[in-house]
Amino acid sequence: MKPLEALHESLHKRVLVEMKGGRSFRGVLDAYDQHLNLVLSSAEEVVAEEVTPHSGMTLLRGDSIVYISP
Amino acid sequence: MKPLEALHESLHKRVLVEMKGGRSFRGVLDAYDQHLNLVLSSAEEVVAEEVTPHSGMTLLRGDSIVYISP
Amino acid sequence: MKPLEALHESLHKRVLVEMKGGRSFRGVLDAYDQHLNLVLSSAEEVVAEEVTPHSGMTLLRGDSIVYISP
Amino acid sequence: MKPLEALHESLHKRVLVEMKGGRSFRGVLDAYDQHLNLVLSSAEEVVAEEVTPHSGMTLLRGDSIVYISP
Amino acid sequence: MKPLEALHESLHKRVLVEMKGGRSFRGVLDAYDQHLNLVLSSAEEVVAEEVTPHSGMTLLRGDSIVYISP
Amino acid sequence: MKPLEALHESLHKRVLVEMKGGRSFRGVLDAYDQHLNLVLSSAEEVVAEEVTPHSGMTLLRGDSIVYISP
Amino acid sequence: MKPLEALHESLHKRVLVEMKGGRSFRGVLDAYDQHLNLVLSSAEEVVAEEVTPHSGMTLLRGDSIVYISP
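Chains as they are written, first to last, in our numbering: chain A, 1 to 70; chain B, 101 to 170; chain C, 201 to 270; chain D, 301 to 370; chain E, 401 to 470; chain F, 501 to 570; chain G, 601 to 670.
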């Protein structure tokens with residue numbers, strides 16, 4: 001199994017995405033590519049314990065991502 | 101669906117673009133490429149809650165982008 | 201022997217992964233690729249001696265990794 | 301339309317280029333390439349509100365650029 | 401001679417590896433690749449004069465390396 | 501015209517090269533490549549208004565360069 | 601002439617290598633490649649005016665290099 005296949009198993013499920021610089025997102029994983037660019041729906045952004053809901057899709061750039069966790 | 105296809109659905113619609121370093125933009129997405137270079141029109145730049153309107157197009161370099169949201 | 205072959209010998213074993221920025225993970229190595237993207241299961245995240253268990257898989261982005269150790 | 305085509309429309313017109321690290325340039329866009337390396341003529345460099353005129357051409361390295369705006 | 405050939409001569413010998421961010425390693429070089437990813441055995445990690453021995457192999461990611469010395 | 505062609509016009513002429521981190525160089529441009537690696541002769545290095553002359557050639561690594569100006 | 605050819609003329613001669621982060625090296629250039637990875641022999645490392653001699657070869661990773669000078 002390769003890491004991207006493991007990510008495939010999280011499609012359409014809620015994931016936690018930790019970003020560089022202390023920002024994180026929780027949302028449903030709707031799409032990904034080989035750069036780890038991700039699309040989340042129903043996402044919440046968390047910075048310093050402040051939660052901001054996002055409407056619609058949120059596209060996260062892969063090179064700002066530290067880890068992805070269910 | 102791939103992330104760039106999700107971005108395609110935001111073409112000609114208003115998006116929020118969060119950049120590295122605490123800068124963000126709101127504007128109409130007029131173009132994008134596979135590096136996530138973006139062109140916004142009718143853009144507003146926000147740094148530390150100070151809003152600066154941009155006339156004409158604004159080209160954002162993809163590698164400074166953290167996320168794109170409607 | 202190449203470094204990725206050495207990593208192969210750690211598959212399904214517990215590893216320590218030190219990340220940039222003072223974060224580290226302990227978990228079972230379930231997958232890796234040539235970018236050093238890793239999938240850990242039963243992972244624990246450690247930041248400043250505070251331990252957070254992760255359920256399910258955790259995908260670590262290779263370019264945030266400093267070293268991997270058994 | 302792709303972002304580089306949008307940039308083509310700014311050729312031989314004045315643009316504002318915001319660089320990483322708080323530096324910006326105003327000048328006439330004389331050339332660009334796919335890395336967003338730019339050549340400006342009649343450029344002014346602005347750092348912390350201090351303006352320095354440049355004679356001749358100024359070549360800006362693409363990976364230091366945050367955005368380009370008319 | 402190319403740099404990677406010089407590295408070949410250090411195979412199975414003790415090397416010092418200086419990493420970005422003030423971390424260094426001493427250990428026996430067991431493997432390397434063209435990205436300068438390295439595998440050390442019998443490694444000791446040194447951060448701010450504090451020495452931590454590593455058991456088994458340690459895989460160092462090439463892009464965190466500043467220099468390698470015998 | 502492409503940016504590298506504009507650079508070609510500066511060959512064997514004095515240029516100012518601004519580097520990341522507050523360092524700059526003045527010297528005669530003797531060579532360049534597509535990464536913007538540059539060779540200067542008769543170069544002076546300037547850091548915080550302190551000028552250090554360099555004898556012989558100085559090779560500047562392209563990815564540390566912010567801009568090149570005559 | 602290309603920058604790497606200029607570097608070829610420094611082979612087996614003493615060079616000064618300035619690294620990112622305030623570290624520099626003086627030594628004899630024994631090898632280089634297209635990434636500007638370098639091998640120095642009889643090298644001295646200088647950090648904050650403290651000089652440390654290196655025995656044997658020292659391999660410097662190209663992407664930590666700012667400039668190379670005779």
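Quick caveat, the hints were computed from the structure, so don't treat them as lab data. Where is the CB? At the ideal position from N, CA and C, for every residue including glycine. Honestly, I wouldn't trust all of these hints.
Which bits of chain C does chain E cover? Going by a derived footprint, with three or more residues having C-beta under 8 Å, they are [claimed, not checked]: (1) 241-249; (2) 252-266.
Label pairs and their in silico Cβ distance ranges [claimed, not checked]: (3) D/T352 <-> C/S224: 16 to 26 Å; (4) E/R426 <-> B/E149: 30 to 40 Å; (5) G/E644 <-> A/P70: 47 to 57 Å; (6) B/K102 <-> F/T552: 26 to 36 Å.
Hints, verified against the model:
Using a Cβ-Cβ cut-off of 8 Å, 0 residues of the region 241-249 of chain C lie near chain E, which falls short of the minimum of three, so the contact claim is violated. Residue count for the region 252-266 of chain C with a Cβ under 8 Å from a Cβ of chain E: 4. That meets the three needed, and the coverage hint holds. The beta-carbon spacing between D/T352 and C/S224, approximately 45 Å, falls outside the hinted interval of 16 to 26 Å. Against the hinted window of 30 to 40 Å, the Cβ-Cβ separation of E/R426 and B/E149 comes to about 50 Å, which falls outside the hint.
Range check, G/E644 to A/P70: Cβ separation about 51 Å, and the 47 to 57 Å hint holds. Between B/K102 and F/T552 the CB atoms are about 51 Å apart, so this pair departs from the stated range of 26 to 36 Å.
Hint compliance for this structure: hints 1, 3, 4 and 6 are not met, and every other hint is.
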